[in-house]
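Peer 1: This is what each chain is made of:
Number of protein chains: 2
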Amino acid sequence: MVSFHEAQQILLGNTPAAASECCSLEAATGRVLRASVLADRDFPAYDRVMMDGYALRFSDWQAGERSFQICGAAPAGQAAMVLSSTFGSCVEVMTGAPCPLTADCILPVEDVCGKAPGGVTFAHSAAPIAGRYLHRAGSDAAAGEVLLPAGTLLGSREIGVAASCGAASLLVSCLPKIAIIATGDELIPVDQVPEVYQIRQSNGHSIAAALRRAGFAPQHLGVLSDDAEIARPILQGLLAAHDWLILTGAVSQGPRDFVPALLKALSCKKLFHGVAHRPGKPVGCWLGPSGQIIVALPGNPVSALTGIHTLVLPALIRASGATPPLARQIEINASNQQLPEFTRHLPVTLLPDGTALPAATGNSGDFIGLLKSDGFVTLPPRGHLSSIYSRYPFTLWL
Amino acid sequence: MVSFHEAQQILLGNTPAAASECCSLEAATGRVLRASVLADRDFPAYDRVMMDGYALRFSDWQAGERSFQICGAAPAGQAAMVLSSTFGSCVEVMTGAPCPLTADCILPVEDVCGKAPGGVTFAHSAAPIAGRYLHRAGSDAAAGEVLLPAGTLLGSREIGVAASCGAASLLVSCLPKIAIIATGDELIPVDQVPEVYQIRQSNGHSIAAALRRAGFAPQHLGVLSDDAEIARPILQGLLAAHDWLILTGAVSQGPRDFVPALLKALSCKKLFHGVAHRPGKPVGCWLGPSGQIIVALPGNPVSALTGIHTLVLPALIRASGATPPLARQIEINASNQQLPEFTRHLPVTLLPDGTALPAATGNSGDFIGLLKSDGFVTLPPRGHLSSIYSRYPFTLWL
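Chains as they are written, first to last, in the working numbering: chain Y, 23 to 420; chain L, 23 to 420.
Derived from the structure by calculation, the hints contain no laboratory data.
The reader is advised that the hints may include incorrect statements.
Note: identical chains are not told apart, hence a pair may lie in one copy or across any two.
To be verified - With a cut-off of at most 25 Å between alpha-carbon atoms, the simulated SDA-like pairs for lysine to any residue come out as follows:
hint : residue 1 : residue 2
1    : Lys394    : Gly160
2    : Lys394    : Thr417
3    : Lys137    : Leu361
4    : Lys394    : Phe416
5    : Lys394    : Gln214
6    : Lys137    : Ser191
7    : Lys199    : Leu288
8    : Lys303    : Val245
9    : Lys199    : Glu48
10   : Lys286    : Gly244
11   : Lys303    : Ser147
12   : Lys303    : Arg158
13   : Lys291    : Ala101
14   : Lys394    : Ala172
15   : Lys137    : Gln275
16   : Lys286    : Gly166
17   : Lys394    : Ala159
18   : Lys137    : Ala95
19   : Lys292    : Ser412
20   : Lys394    : Ser191
Chain Y extracted, bound-state conformation (with noise of 0.2 Å):
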């Protein structure tokens, strides 16, 4: 048995990177970059207008002018004009337009008080500075500036300055192949009517929805039958078209928990089996022998979920080149609920004022009782806590 940080290091340590591929601007939401996109020119581009109004030089009105001459206008989309060098011009500007060469100062519409044909004057309570409402070129970025490095999650501001650079297509991680499949001879299918002794297979439909939720595209296909060489050739063939395989049930030590034998029959390594934590303690990882990723979770429902977003989500993520967003920590009374050996962890209800309560659910077959949670802390083994009040690590259940 191994410690939940050791399983944690053992399953990074094992998951190959994740090959890339091109995707069009329009698909790469969620995705995450492989490729570093850069400025391809300054930020912004020309000296832009911030305010509709007047563009002129902040020495006329220094000099004491203030009515100027309107010598022309200024819309967004055309080359910047230059400002008449006649003391006392201007020119009508709109936001988003280049501002005019040789002005060096905008006075927003606001600050008119009065207007003649050709002319405008400003309110004497007008109190322009040079560059103001003046947004100046390559003040944002400079043209080869690194602006998403690779590894980048492309989120709605990624992916809008990814457009404004120009990227129609980016290099992307691919979306490894997963599939996700549940043993157990209790178990039927979602259409099926059980007898009193069946319940329906749950666990392969909350793995896709928790994996899908996350950006990725798995596999679900139903259950595996308990009989070790009906599933054989199954998980042979499942072996040979994935790089990930997530098994549900039969990996605990019972006479019937064939799952361990039969990956060591298929010449998979084991990495480990068995985590010092709660739930979820007779959790496996084997290496295929392509480098394919098996985790085989137990068929708890609260363990299994529990399972993906402890284990297999971190490493799915780093394979991907990103950085798993750093852990939101919450405060929490644990002093009841640490284990003395095995990390813990624990659903909890958050509360209004940013701290969270341990959720009263049941055992790791309650899946019921989950919703009660938001998510969960993970607690540390017993003896490496400072104090009873403290900050553990948050998840959200997705």
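Chain L: place on chain Y using the hints.
Peer 2: Same frame as chain Y, but now just chain L:
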């Protein structure tokens, strides 16, 4: 001009509820449930064994028996056996199996200290309790109980619970038809090389990305001409085919801000135009002739993306029948950040201790600076404050 709170309420009050449709369980992840899912049976449906071990009568143990006769094996997936009424009988049981009838006690395999053909002896240190390691029928939920009420967002746990209840298809909210279109004569498509006075269109891309990350499926339609005569039939066609129209640019009070007049000409009813918040004061909202919602956001990328997070998404989520999640409250020193009459959405960087710092972002045209922040806190207008250090609702950038 309306307050930020008023703008939110007006938009929520005018957004029609989404229609509903049937959706397969496999495709329902991230959707909003519209018809409650009830427990179709007790959960668990039978007294479920929680450990590999032996089922026996606690009264036999209490009578001092430690060596039991094994009179059968109960795997998962078969009907409950009946434990022999002979004193000192037990049944070998697997995790997930129905508890043999008349047995009330599970001794895990770890408690076995000796085995003989057909018999098993338990350690004197074993301390069984009646009912221990038994997950009692109906203890999680009773048949008929509402497990997932209408309005539930279908995450991984909810999909698992729906699967358990046999919900192979679910009634969910339809995704609204959303069109996104940017205006601005300075804008060119991403795949073109701009003149120095042009910029590539990015707002539509980032808005589409934000909506996709929130589970919507918007249609992104590129750039609309600033010429009202060209724009008019295009907008009319978009209104006829969509529930939501999201525009950026040309919504302020300037001479080329043609959007408000054009929407009026298209028989759209103004709900508000101008909101006392920053960034994004010029934002407006109109109601189309068939109840469509039109939100016209400023062209500044920071204003546009903030408006999506603060106004558009809460209304879209509410219209889907879901309750927007309670905002996380974050402590921040906002003493220098407040505005007298305006709500302020202030970009912040999260710190490991759970507090946040204002991010050093640029002006509302600086999209690149926004990358340095994790999200924003929403500060009320000054005067509503109880103290300088306080907690404010935090929104993570999508």
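Peer 1: Please write out, lowest number first, the hints stated earlier that are contradicted by the structure.
Peer 2: The structure conflicts with hints 3, 5, 6, 13, 16 and 19, although it agrees with all the remaining ones.
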